[in-house]
Amino acid sequence: MDPSREAELACFFLDAMHLGDPSPAREHEMLLQQHRHAAPSREQSYGALNQMMQGLQAARQFWPQPAYCPLEEMGSLSRAPAINAFVVPTQSACPYQSVAPSSSVSASASQQCQPAPSATSSSLQYQHCYIANETVPDYASSIIQRLRAIRAQAPAVRRCQTLEETRSKLLCSDMELQLATFPNSAAHVVRLLQVQEEGSERIRHSVLAGATRRVHDLMDDREGREVLAALLRACAGRYAEVRAIVQAAAVAHNPNGRHSLLRLAKHDHGETCLKELMTAAAPYTDLCAMLVDRLLREGVLEHDRGDRVLHHCFATMRYEDCVILVHDAIDKFGSLLNSKTGLGSRCLVECYAIARGDELRDLQEILLEHAHLIATGQYSNYFIQHVLQYGDDEMRQLLLERLIDNVVILSLDCYGSYVVEACFQQKGQPRRVLAAFLLLDDAQLAEVVQGKHSNYVVHKLLDATIDRFPGETMALARRIHSLLPRIRNKMYVRTVMMVVKKLIARYGRMYG
Numbered sequence: 252m253d254p255s256r257e258a259e260l261a262c263f264f265l266d267a268m269h270l271g272d273p274s275p276a277r278e279h280e281m282l283l284q285q286h287r288h289a290a291p292s293r294e295q296s297y298g299a300l301n302q303m304m305q306g307l308q309a310a311r312q313f314w315p316q317p318a319y320c321p322l323e324e325m326g327s328l329s330r331a332p333a334i335n336a337f338v339v340p341t342q343s344a345c346p347y348q349s350v351a352p353s354s355s356v357s358a359s360a361s362q363q364c365q366p367a368p369s370a371t372s373s374s375l376q377y378q379h380c381y382i383a384n385e386t387v388p389d390y391a392s393s394i395i396q397r398l399r400a401i402r403a404q405a406p407a408v409r410r411c412q413t414l415e416e417t418r419s420k421l422l423c424s425d426m427e428l429q430l431a432t433f434p435n436s437a438a439h440v441v442r443l444l445q446v447q448e449e450g451s452e453r454i455r456h457s458v459l460a461g462a463t464r465r466v467h468d469l470m471d472d473r474e475g476r477e478v479l480a481a482l483l484r485a486c487a488g489r490y491a492e493v494r495a496i497v498q499a500a501a502v503a504h505n506p507n508g509r510h511s512l513l514r515l516a517k518h519d520h521g522e523t524c525l526k527e528l529m530t531a532a533a534p535y536t537d538l539c540a541m542l543v544d545r546l547l548r549e550g551v552l553e554h555d556r557g558d559r560v561l562h563h564c565f566a567t568m569r570y571e572d573c574v575i576l577v578h579d580a581i582d583k584f585g586s587l588l589n590s591k592t593g594l595g596s597r598c599l600v601e602c603y604a605i606a607r608g609d610e611l612r613d614l615q616e617i618l619l620e621h622a623h624l625i626a627t628g629q630y631s632n633y634f635i636q637h638v639l640q641y642g643d644d645e646m647r648q649l650l651l652e653r654l655i656d657n658v659v660i661l662s663l664d665c666y667g668s669y670v671v672e673a674c675f676q677q678k679g680q681p682r683r684v685l686a687a688f689l690l691l692d693d694a695q696l697a698e699v700v701q702g703k704h705s706n707y708v709v710h711k712l713l714d715a716t717i718d719r720f721p722g723e724t725m726a727l728a729r730r731i732h733s734l735l736p737r738i739r740n741k742m743y744v745r746t747v748m749m750v751v752k753k754l755i756a757r758y759g760r761m762y763g
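Position one of the sequence shown corresponds to residue 252 (my numbering), numbered consecutively onward.
No wet-lab data here; the hints were simulated from the structure.
Do not take every clue at face value.
[What the hints assert, rightly or not] Calculated cross-link-like contacts (lysine to aspartate or glutamate; reagent style DMTMM-like; alpha-carbon spacing at most 20 angstroms):
| no. | residue 1 | residue 2 |
| --- | --- | --- |
| 1 | 583 | 645 |
| 2 | 420 | 448 |
| 3 | 591 | 610 |
| 4 | 752 | 723 |
| 5 | 703 | 652 |
| 6 | 583 | 537 |
| 7 | 741 | 723 |
| 8 | 517 | 448 |
| 9 | 526 | 553 |
| 10 | 583 | 558 |
| 11 | 517 | 571 |
| 12 | 583 | 527 |
| 13 | 420 | 474 |
| 14 | 517 | 572 |
| 15 | 752 | 714 |
| 16 | 703 | 718 |
Construct the complete structure from the given sequences, taking the supplied hints into account.
Next up, the structure:
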């Protein structure tokens, strides 16, 4: 081979290896000699190695000899960024793969040493040849190979897939969290807790020990929810075991963090677990107090699902054990009604439905005192509608009298109009509301008929009272019809006038 061609090849190899040193150290030559004699059957590789050796020897005549540089300081390789590795060309159908020159080689030198593509050069590619026995990971390998290597080195976790494996594991040691969170094994744990057989008590104690350590993780998991619910049912009637679970759930160092019961209740399985806890704690006063106190500290009255939590709490626990929730609602009555999300009003509905004695009287006094303001609130109007529909007869009568005094103002209000409708619908008193509208003068009646919201109140009142009180209803209809010349061209009058004309056409002669 021509010496200039050999030097050209040597420069290319050095550039590809990022060594930046065209004069290799003696250790490199020895290793190349060892590699050449290690596999005598690979003739094609020998030819490439011989060409490389000759090219390296010829390069010494054209490049000055630098000082010796240790291998670890020569930089990482382009194809295998690992220490103590270099590149050996082998047969391939691919041409030379271009790599960036090392920082120690100038741009001009790299251009001069770049070989032209040919049949010989297109048959070379690079493979890794490790100098030492040390195993260095190849970070440039494919993602699939890296994932396989990682999974092979990761500690193996064996999941119990059969019922017998799960039983033997629970009989030998306390339940691990993975048994309660994997679908197959969680179903086996639930079944073992439901069946009464030999070893069932030991299994229950094993599950209890594991659940008390990770109760919040179980509440936060779909399969763990089933295991915890089955455990609470299995522990029913056993005070010490129920207390251990409730105490683990209710006592936490950070009530507002990941151990918050209400945070877990934002999804369905967390809410179900919380309800199971309430049901299990209901027979015991101290456990009820433990849970209720925790819920109050977390702000159950302002929570997204606070009304649902309160409803189940009031349904399962004795009134004496949860009356503190009603007292807290009375103290926060104003702020709950003015809540921008309406959550406070929903919680007040639940508290009013369960309130008794002094607590009920306190709520009624506040409601009657601020009936007009509550009726015109964006969300508080739902609370007063609930009282009008489900309250006792005496309270509904008192509340109706307070509201009728401001029937015009309430009818014109976008939220108050719904409250006026509740006064004569369902359990309301339509005759009392009808009499209040008949007492209005023409100016007030005209204002109500042409109002954006109040026109719905008028025509719904006429439809609701015509069958039961036809005389009073027709009297109101004729008064509205007499106002037609004054309000004919108003935007919201058309619906009311259609109802009035229909009533006059049908009942006009009978109630003239």
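Here's how the hints hold up against the structure:
Note on residue 583 and residue 645: the hinted pairing is violated, with a Cα-Cα distance of about 25 angstroms set against a maximum of 20 angstroms. Only pairs whose Cα atoms come within 20 angstroms are accepted, and residue 420 paired with residue 448 is accepted, the gap being roughly 16 angstroms. Taken as a hint, the residue 591 and residue 610 pair is broken in the structure, with Cα atoms around 25 angstroms apart against an allowance of 20 angstroms. For a cut-off of 20 angstroms, the pair hint linking residue 752 to residue 723 stands: about 16 angstroms separates their Cα positions.
For the hint pairing residue 703 with residue 652, the CA-to-CA distance comes to about 25 angstroms; that exceeds 20 angstroms, so the pair is violated. Between residue 583 and residue 537 the CA atoms are separated by roughly 25 angstroms; this puts the pair beyond 20 angstroms, and the hint is violated. Of the supplied pair hints, the one linking residue 741 and residue 723 is violated, its CA atoms being roughly 25 angstroms apart against a limit of 20 angstroms. The suggested pairing of residue 517 with residue 448 is violated, with an alpha-carbon distance near 37 angstroms, which exceeds 20 angstroms.
A C-alpha spacing of about 18 angstroms is found between residue 526 and residue 553, which places the hinted pair at or below 20 angstroms, so the restraint holds. The hinted pair formed by residue 583 and residue 558 meets the criterion: a straight-line CA distance of about 15 angstroms does not exceed 20 angstroms. Restraint check for residue 517 and residue 571: the C-alpha separation of about 27 angstroms exceeds 20 angstroms, so the hint is violated. Taking the CA atoms of residue 583 and residue 527, the gap is about 28 angstroms. The hint is violated against a cut of 20 angstroms.
Taking the CA atoms of residue 420 and residue 474, the gap is about 18 angstroms. The hint holds against a cut of 20 angstroms. At most 20 angstroms may separate the alpha-carbon atoms for a hinted pair to count; residue 517 and residue 572 exceed this at roughly 24 angstroms. For the suggested pair residue 752 and residue 714, the alpha carbons sit about 12 angstroms apart, so the restraint of at most 20 angstroms is met. Using a Cα cut-off of 20 angstroms, the hinted pair residue 703 and residue 718 is violated, with the two alpha carbons roughly 26 angstroms apart.
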